[in-house]
Amino acid sequence: MPVILQVSNLVKRFGQLTAVNDISFEIYQGSCFGLLGPNGAGKTTTIEMMEGIKTPDAGTIRYQGEALGQQFRNEAGIMFQTTALQEFITVREIMVQFSRFYPNTSSIDELAERYALHEFLNQDTRKLSGGQKQRLLLAMALINKPKILFLDEPTTGLDPQSRRNLWKQVQLVKEQGATILLTTHYMEEAYELCDEIAIMDHGRIIAHDAPDALLAAHFDDVVVQIHAKDIPREIGEKEFQAIYRNDSAHILTGDVNKTIEHLLHFDIPLDRLRIRARDLEDLFLELTGKELRA
Amino acid sequence: MWNRIYALFVARNLEFIRDRSALAWSVLLPILIIFVFAFAFTDENPEKFKVGVIPGDTSEGAAAAFKQTRFINFIDFDEVETNLFKVERHQVDMLFDPNTSRYWINQTSPNGYIVEKLLVAAYADSPESLQQILVEGDEIRYIDWVIPGVIAMNIMWGALFGIGYVIVRYRKFGVLKRLRATPVTAMEFLSAQILSRLWLLVAVNTVIFICMDYFVGFRMLGSYFNLFLVFTLGCINLICCGLVVAARISTEEVANGVLNLLSWPMMFLSGVWFSLEGAHPWMQKFALILPLTHVTEAAREIMIDGAGIVQISDHLLVLGVSAVILLIVGARIFQWE
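Just so you know, the sequences run in chain order A and B.
Everything in the first sequence is counted per our numbering, starting at 1 for the first residue and increasing by one.
Everything in the second sequence is counted per our numbering, starting at 1 for the first residue and increasing by one.
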């Protein structure tokens, strides 16, 4: 697959702080690339440089081999984390306005149909709910039939149903052949949507691969999860090197049978025992030492 | 490109027209002001007596006595010819030359009559040396005199705040950031803002002018086309001022402060409300920096004196050249974020 966007040795500083510190990666056409990281890792700065909103202090970004220019602006669809819309104009009017910016656009009625904007198409933009606004912003980002779509934490603040809804829409966009660059806090979202992920921390990329490949590369064990009340801390930590998180003790093991035998030996009740594979959340914690959503 | 400018232009117009409070403010304020002046001050000159004095020895004798009269504002005029029209228009009540003891007054001016009595009283010892010269001319009502300034002032508020404040708000709330993510260029965005504001200001103020003229009836000796040209150029100039203010500021508070800092001095030092005749020379020089002074004076010359394009060309030149400079500076230093 050809590379659509190439990022080389990107650096961005704000005073003393180096927000993005010499990162490089490539995004393949038609793929979904996820940028993950804790708050302040440099995700938004990175994506905004790639969108052409911020100017890098060093490094280059190339879209189809060229520096970001008019062609990129015409072919990129962008959805920011937060966006204010002009006031006193309706949803339809703002869609009409944006469609006039681009040479090649989708019909507004078609977009309204697909993203369920009909019910509030003639409403003032100030009167939209969170979910409605998010749908409008996605529709606005798609109005120019983008070849590459940038989504900066598109589902932050949405309820679980709206979130699933948006994932479905993003999947649809992907099926139509668009490339997607996504930043997110949600590991589940990254796992669901992304073909490739890069994990950022302190302005650097600390891991980069397909989600399954990353998991396979970092973990050869599984997690035995027991309710924290069922296993006293001193036994858990001393005998099993368990990690206590929230209400559970997590025991990492390559040999489940042996661990269970060992637990039985200490008379630990196994009624609430759960065995699961390691997920991106674990990987993230392991790599950055931080919870993803602090 | 035109498509994008047109899209932004339409959106901005809709925003302005639907924002009832802003619209009401820009229409009602000048109407209110004109009515207040038309009915409260119709035949009253709110200023004290004014006498123009040609340079000469006034250190002693009758001339000195006259110059000590309280409540008369003595204004130094360099020569008679170029200032005579001020007596004709009742802008000064008398013109006095102490070298020859000649004085010029307008027979129809009540103030002129009183000042003449005072002058004669001061020359009680040698009344024969005084020489009266009568001039003729209609009085300019204060309303006729003030209307060009009121329209100009309305344009100033609309231009400075309509551009300055709006763009800063766009920047603060991220509207500019979203537009930046589209193919819209800074020049296209600014052009649309200028065009939208220009046509709205011209339209609104034309309507105000016509309505006011219908109800109050102004003196209008010059060409309407020239008047339109002056106000339009004034609009462009003040819009460009707003553009420079809005180029980088990102909070409304700072924008508000800077815009007020610009508009209030213009409001009072551009000769909108009172003539700068007799003001401190320093202030008169300062007034020439202010675009509002040139708009007001040019409009006043057209309406009151019937000045043609040649007579107002210096004002047009100042407004035009500074508008171009401001536009270039504004576009150069403009930042989306």
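In case anyone wonders, no lab produced these hints; they're calculated from the structure.
Accuracy of the hints is not assured; some may be wrong.
Stated by the list, open to error - Quick list of in silico lysine-lysine cross-link-like pairs, DSS-like style, CA-CA up to 27 Å: (1) A/Lys133 / A/Lys168; (2) A/Lys174 / B/Lys177; (3) B/Lys67 / A/Lys147; (4) B/Lys285 / A/Lys54.
As the list claims (entries may be wrong) - Listing some non-contacts, in silico: residues in chain B with all C-beta distances to chain A over 12 Å: (5) Ala7; (6) Leu8; (7) Asn13; (8) Leu14; (9) Ile17; (10) Phe85; (11) Val120; (12) Tyr170; (13) Arg219.
This one's a predicted model, so the numbers in the text were calculated from it and none came from an experiment.
Glycine residues also receive a C-beta, built at the ideal position from the N, C-alpha and C atoms.
Hint-by-hint comparison with the structure:
1. A/Lys133 / A/Lys168: holds, 17 Å
2. A/Lys174 / B/Lys177: holds, 25 Å
3. B/Lys67 / A/Lys147: Roughly 83 Å separates the two Cα atoms, so the pair is violated.
4. B/Lys285 / A/Lys54: It is violated: about 44 Å lies between the C-alpha atoms, which goes past 27 Å.
5. Ala7: violated, 3 Å
6. Leu8: Since the minimum Cβ distance to chain A is about 7 Å, B/Leu8 lies within 12 Å and the statement is violated.
7. Asn13: Since the minimum Cβ distance to chain A is about 10 Å, B/Asn13 lies within 12 Å and the statement is violated.
8. Leu14: violated, 5 Å
9. Ile17: Given that some Cβ of chain A is not farther than 12 Å from that of B/Ile17, nearest at about 8 Å, it is violated.
10. Phe85: holds, 49 Å
11. Val120: holds, 66 Å
12. Tyr170: violated, 8 Å
13. Arg219: At about 39 Å from chain A, B/Arg219 clears the 12 Å cut-off, so the statement holds.
Checked against the numbered hints above, the structure breaks hints 3, 4, 5, 6, 7, 8, 9, 12 and satisfies the rest.
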